[in-house]
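Listed below, chain by chain, are the residues.
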Amino acid sequence: MSLLITPGADGRFGEFGGRFVPETLVPACQELEAAFTQAWNDADYRRELDSLLSEYAGRPSGLTECHNLGKQLGIRLFLKREDLNHTGSHKINNVLGQVLLAKRMGKKRIVAETGAGQHGVASATAAALLGLECKVYMGAVDVERQSLNVFRMKLLGAQVEAVHSGSRTLKDAVNEAMRDWVATVESTHYCLGSVMGPHPYPFMVRQFHRVIGDEAREQMQERLGVMPDAVVACVGGGSNAMGIFSGFIDTDARLIGVEPAGGAAVGRGQPGVVHGMKSYLMQDEHGQVQEAHSISAGLDYPGVGPEHSYLASIGRAEYPTVTDEEVIAGFQLMARSEGIIPALECAHAVAWISREAPKIQGKIVLMNLSGRGDKDVGQMMDILDGKL
Amino acid sequence: MTYGRLETQLRQRREAGGKSLVPYITGGYPGWQDAIRACAANGADAIEIGLPFSDPVMDGPIIQQASQKALQAGATPISILQEVRSLDVGIPLAVMCYYNTVFHAGHERFAFALADSGVSGAIIPDLPLEESGPWCEAADAAGVETVMLAAPTAPDDRLPRVVARARGFVYSVGLLGVTGERAALELTATDLARRLKAITEVPVLVGVGVSNAQQAAQAVQVADGVIQGASVMRRLIESGADAVGEYIAEVRRAITP
Ligand SMILES: Cc1ncc(COP(=O)(O)O)c(C=O)c1O
Chain A
0 MSLLITPGAD GRFGEFGGRF VPETLVPACQ ELEAAFTQAW NDADYRRELD
50 SLLSEYAGRP SGLTECHNLG KQLGIRLFLK REDLNHTGSH KINNVLGQVL
100 LAKRMGKKRI VAETGAGQHG VASATAAALL GLECKVYMGA VDVERQSLNV
150 FRMKLLGAQV EAVHSGSRTL KDAVNEAMRD WVATVESTHY CLGSVMGPHP
200 YPFMVRQFHR VIGDEAREQM QERLGVMPDA VVACVGGGSN AMGIFSGFID
250 TDARLIGVEP AGGAAVGRGQ PGVVHGMKSY LMQDEHGQVQ EAHSISAGLD
300 YPGVGPEHSY LASIGRAEYP TVTDEEVIAG FQLMARSEGI IPALECAHAV
350 AWISREAPKI QGKIVLMNLS GRGDKDVGQM MDILDGKL
Chain B
0 MTYGRLETQL RQRREAGGKS LVPYITGGYP GWQDAIRACA ANGADAIEIG
50 LPFSDPVMDG PIIQQASQKA LQAGATPISI LQEVRSLDVG IPLAVMCYYN
100 TVFHAGHERF AFALADSGVS GAIIPDLPLE ESGPWCEAAD AAGVETVMLA
150 APTAPDDRLP RVVARARGFV YSVGLLGVTG ERAALELTAT DLARRLKAIT
200 EVPVLVGVGV SNAQQAAQAV QVADGVIQGA SVMRRLIESG ADAVGEYIAE
250 VRRAITP
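Chains A and B, in that order, give the protein sequences.
Numbering that gives the first Met the number 0 numbers the first residue of the first sequence as 0 and each following residue consecutively.
Numbering that gives the first Met the number 0 numbers the first residue of the second sequence as 0 and each following residue consecutively.
To be clear, the hints were calculated from the coordinates, so they are not data collected in a lab.
Keep in mind it's a predicted model, so treat the numbers as computed, not measured.
Mixed in with the good hints there might be a few duds.
[Unchecked claim] Here are the in silico distance ranges between beta carbons for each label pair:
{"no.": "1", "chain 1": "A", "residue 1": "D41", "chain 2": "B", "residue 2": "P133", "range": "14 to 22 Å"}
{"no.": "2", "chain 1": "B", "residue 1": "G73", "chain 2": "A", "residue 2": "Q71", "range": "49 to 57 Å"}
{"no.": "3", "chain 1": "B", "residue 1": "R160", "chain 2": "A", "residue 2": "L2", "range": "28 to 36 Å"}
[Stated by the list, open to error] To spell it out: a stretch of chain B is covered by chain A in this simulated footprint if at least three of its residues, at any positions, have a beta carbon under 8 Å from a beta carbon of chain A; those stretches are:
{"no.": "4", "segment": "43-49"}
{"no.": "5", "segment": "53-67"}
{"no.": "6", "segment": "70-82"}
A virtual CB, placed ideally from N, CA and C, is assigned to each residue, including glycine.
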């Protein structure tokens, strides 16, 4: 039996997941679940999505062996190049699927939350392409540190609203997007950006990102004829990680989801319920959600998708952490050794690989390069000022 | 059938030909206990006490602000319930809290803590029917009445299942949206209350978007009563507990036939 779960009506991955939303949203989640199931099994929908993914987003994405860095670290290192997708990250896979679905459901408008702005940019892009109105909520702190993406969203015709409540980061952007959806649910689809939220989102978003793992598995098979020893990805909500993990979950590969030390939902959290799901969550002794702190806006989140909590609970995947300092080093390491500037999010995966390399000498490591670092250059200029 | 204290109170009000008035106060907000006493002294049938949560997705700016201020002041579910115990206002109390507060404490422990503090009911806005089983079981065992929310988006076949599980009253959500004051009562408020009244004997109270005495009077033309949240908290924030008392007296007059 495959470890890749298809949840039933209760939306559970083991004890995790579910649908903890205000009563107002229950019918909308049920309709979305039905519409997704129907579309996913409809050849016309799949054909349309596949052609968007190939002709518009540029799939399949490549597989690059890092000869320089691999040699330096004593491993064989392969990158799944989600950074080369249109809009610069894996987020477009999910967004094209959801926006196409929203259109099919007769919705006129989408709302989205965004952290690093990559999901916001992808949402604004798909909305422009498919003719929907788009509003993106973004924490005020992230509006500041990812200003380039704010401008991109506006260029694409989306409305961007800075969220000033709470920690003013991704968590609060999700709250505000949900509040919008509660008020506009009849005309609006909530285009959630990761494998989180109420059922069917964690399942649906994973299905849209499976293409990463399916392609990578085929590419590894073709290139090497063997499966990797380890598959490594960064984890915010966990969508790029679930995407690549799903291709290897039934192999012997170690699955490693790297969390930021300041946003370690699995490492430092306990089961809790927020944003519609039961999952590991950083919280205080009274159940108040704690604020995450990470250099990377896309991983600055105190929760994690429920399927990751499940995989952690059964011991199938590991969720180590890296510090901001290790991430800054990883970011530069990838740039200088391979000529690839990674997003700060996936620089977490680079950081883990370079730290752990002595323990995995000679192994084959596949890393999901979930996005490119252009958006982070401004922030890194400030951080590295005078040190280059 | 015997009813809990909350439902008994609201049914009695109805049987006497009256309408129920349930103000909401954020627990732990400076002056919250005085505000509760002012409500009780000016015609409230029961009080809904909010346990502040870090991520209140069903709340608009006013209650968000009140929650944050209460948390900053150091309020915790435990500290609030401890103070509730000594309130002694003579009318039933219910708490409004997000589900993680319950889940984190543990269902049995939380239900027992409520009962032990003299709280009759619980309103959990992010715990829909399908997920409510384990909590309801613990609440029933502890004698805590679980108020169910019904929303304007519910299809006809869903409402009977929601009201069947409701104890205390049915919270008829007045509009599509979060808590906060609005210029006018939405048509959805009376529409949904009417649909609910047609299928249940449990008292039906409209909350979310009932923003002043006049809107309350409109709502009770159909419903058995109203909940007043943001309009009460705005007065507490701007002017203090006395203003809350005056406002509750005004709403009471407006809904008295
Ligand atoms: C490039 C990139 N990778 C990863 C993430 C984190 O999201 P997830 O964990 O859902 O892949 C983001 C989010 O903004 C991102 O932009």
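Verification of the supplied hints:
The beta-carbon spacing between A/D41 and B/P133, approximately 36 Å, falls outside the hinted interval of 14 to 22 Å. Distance hint check: the CB atoms of B/G73 and A/Q71 are about 52 Å apart, consistent with the given range 49 to 57 Å. The supplied range of 28 to 36 Å is met by B/R160 and A/L2, whose beta-carbon atoms lie about 34 Å from each other. Coverage of the segment 43-49 of chain B by chain A is violated [criterion: at least 3 residues with CB-CB distance below 8 Å; count 0].
For the segment 53-67 of chain B, the proposed coverage by chain A is satisfied: 8 residues have a C-beta within less than 8 Å of a C-beta in that chain, meeting the threshold of three. Coverage of the segment 70-82 of chain B by chain A holds [criterion: at least 3 residues with CB-CB distance below 8 Å; count 4].
Violated hints, in rising order: 1 and 4; the structure is consistent with all others.
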